[in-house]
Amino acid sequence: MFKFRSFRLLTKTSFFYLLFILVTFFISGRYLINKADEYINEETERFFRFREQHIIRFLEKEKDPSRLKYIDIALLDSTGIYPNYPRYTDTLIYIEELDEQQIHRKKSVIIEANEKAYLIQLLININDFTKLKSDVAGRIVPAFIILALVIVLFTTFLSGFLFQPFYRILSHINRYKVGKRMNIPKVKTSSKEFQKLQFLFRNMVNRIEDDYRNLKEYTENMAHEIQTPLTIIRNKTERLIADEELMKKNVDTVKIIYEETNHLSKLGNALNLLTKIENGEYNNTEVINTKDLILKHVDAIDELLQLKLMTIETDLTDDHQIILDPFLFDILLKNLIRNAIRYGSNHGPIKITTNQNQLIVSNYGDTLSVSPEKIFERFYSSNSTKQSLGLGLSLAKRICDLNQLNIDYDYKDGQHLFFISDKK
Amino acid sequence: MKLLIVEDNFQLADDLSRFLIEQGFIVEISATLESARGKVELYDYELIILDIGLPDGSGLDIIKLLKKRKSDTGILIVTAKNAIEDKVKGLELGADDYITKPFHKAELNARIRSIIRRKKFNGSNTILVNKIEIDLNSMAVKVDNKELDLTRKEYDLLLYFIYNKNRVLTKESIAEHLWGDHIDQADNFDFIYNHIKNLRRKLQQAGADNHIRSVYGMGYKFYEL
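The listed protein sequences derive, respectively, from chains A and B. Start counting the first sequence at 38; every next residue gets the next number (my numbering). Start counting the second sequence at 1464; every next residue gets the next number (my numbering).
Think of the hints as simulated: they come from the structure by calculation, not from any bench. Honestly, I wouldn't trust all of these hints.
Stated by the list, open to error - Mimicking DSS-like on lysine-lysine, the simulated pairs with C-alpha atoms at most 25 Å apart in a straight line are: (1) A:K285 / B:K1628; (2) B:K1660 / A:K345; (3) B:K1550 / A:K253; (4) B:K1684 / A:K273.
Let the sequences and hints guide you as you build the complete structure.
Okay, structure coming up:
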C-alpha cells in the first residue's frame, strides 16, 4: 500500500506553477544567452571582415606588409587551401591602463593579396559583450526567486480570500450528522464551483434526511408493530399453559411456541436497539466515571452468578473515564458481562479491571473454536444455545466504533479478555 | 374496581380485558385517543392502562388531561421496548409506572395491583392468603403470627405469586419480574428453582402449607387452598 502525503490544492497548483516558471526561465534564459552569443559572433565577424578587407586593400596598394602596424601578419609559402583556418580563440589579455584582464577574441585567418597568402591574426576586445551575456544569465536567477516569493505570497492571500468559502462549506459538511435535522447555514460565495458544491451538498442532505426519516419510521413501526402480535401470541400461549388437560398432551409443542416467541421478541428488540445505535440516536455523550456504575452493575448480578456457581471480581481505579452516552455504556457493559457469564467456566472468576486507559472484562474458558475476528460478527455464536441471540458482541463493537473507542479481544492463560480503550 | 384499557389492537385489548375481568376488575376498552378522552371526561377509573402509540395521536395527551383535572386515577403506560423517550416523558408527566411490550400478563397484574395499593394509603395494607399474611407497608411476611426472614427477592417472588395466585407463572415471567432488565444476563431460567425452593422451605418451616408447585417444567403455580 502506498501512502501519499496530501497537500492543499493551492499549494499543489503553485508548486506546479513554480515548476513551470522554472522551466520557462531556463528555456528563455538559454535562448537569451544563445541570442547574445549569436550577436557577439555576428558583430565581431562583421568587424573582422571589415579589418580583413581593409588589410587586403592596403596590401594590394602598398605591397609591404611590414608597414601594417599593430597587426600580426606573416607571409605564407604558397597560396592554396588551409583547412584549419579561419580559427577563432578567446584569450585574456592584460590591459595596462585598466589594470585588468579583458577577454579578447582572436581570429587567425588566411588572406590573399597580390597572389600571395598571408596569415593574419586579428584581435577584438569583446569584454563588454561577454559582460552583457553574464549579466543576462545573472539576472534570471534573482528574477526567478522574486517571482517565486510573489507567487507564494499570492497563494497565501488566495487561500485566505478566495478559498475561504470553500473551507467554510467543508466545515459544514464535516459537522453534518444524519438525522439531526440541522439547519445548515448558507455560505456566501461568488465562485461558481463553490456555489455548485454547496447546492449539491444541500440537496444531498435533504435527500439523506428524507431517506433517513423513512427508514427510521419503517424500523420504528416494524419494531413497535411486531411486539403487539408477539404479546398476543405469548398471552394466548400462557392461556394454553393454564389449561391442564391440553398441557398433558401438548407440553412440548406449547413450550417451544412459548420459547420461540420470547426469542423472536428479544431478537426484535435487540435489532431495533442496534439500528438506533447505528442511527446515532443515543448521543448524550458525557464523561463517565465508570467505577460506581460498574460496581452497581456487579451488585445487581452477583446473586444471579451465585446461582450459577460463578464468581465475579473487580479491580477498579477511580480514574478510569469513558466518553459515552450513559445508556450506551450500560448496554456495552451488560453485553460484555453477559458474554462472560455465558461462555465463562467456573474454573475462575469473571474479572472486571480498569486502569487509567482501559476497561478489561475477562472470563476463564476454553479456546475459541473459530478465528477471533469472527466473534464480533452478527448472528455469530460459537455454541448454538437457543437463548443466545448472537448480537451481544456486535452490539458492543458498534457502540465502540461509533464512539471513538477500541474493542480488542485476546486469549491468554486460559482467559478470554476484552479490552475497551480510547482511540488515540 | 373499574379499569380502562387504551389499546388500538383489538386482539390484545380483548385478551387483556378478559384476563383482568377474571381477576375481578370491571374493564372498559378504548381503541382511539378520541374515545379514551371522552371516557376519561365522563367516568372515573381506578386505573388506566395506556398505550402511548395510538392511531390518532399520542397517549401522553391523556396523562396531561388527567393531570389537569387533578384526577387520582392511576396511570400505567405501555411502551415499546427501547422507546426510552416515551417512557421518560410519560413518567415526567405523572404516570405511575410503565411496562414495555411484550409483557407478561402476570407482570401487568402485579403492576396494576401495586399501583392501586400505593394509591390507597388509608386502611389496612395487608394481604391474607390462607395462613400467610403480608404487610405491604412494612414488607413483613407472617405465618401464624411468626415473622419470616425473607430476602428481598423472596419477598418479591411471594408477592408476585400471591398477586397471581392460582395461575401458572412461567419461568421467564418470574425471572423478568425479579431481575428486570438484568435478566438479559442469564441464558436460562433454571436458577429460578433455587429461589422457589428456598421460599417454599421457609414457608413450610413456619407452618404454612405447600402452595407452590411446578407445572410441566414450564413454570410454577401458587395454589390458594
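Hints and how they fare:
With a C-alpha separation of about 21 Å, the suggested pair K285 (chain A) and K1628 (chain B) falls inside the 25 Å cut-off, and the hint holds. Proposed proximity of K1660 (chain B) and K345 (chain A) is supported: the alpha carbons are some 15 Å apart, at most 25 Å. Taking the CA atoms of K1550 (chain B) and K253 (chain A), the gap is about 19 Å. The hint holds against a cut of 25 Å. Of the supplied pair hints, the one linking K1684 (chain B) and K273 (chain A) holds, its CA atoms being roughly 17 Å apart against a limit of 25 Å.
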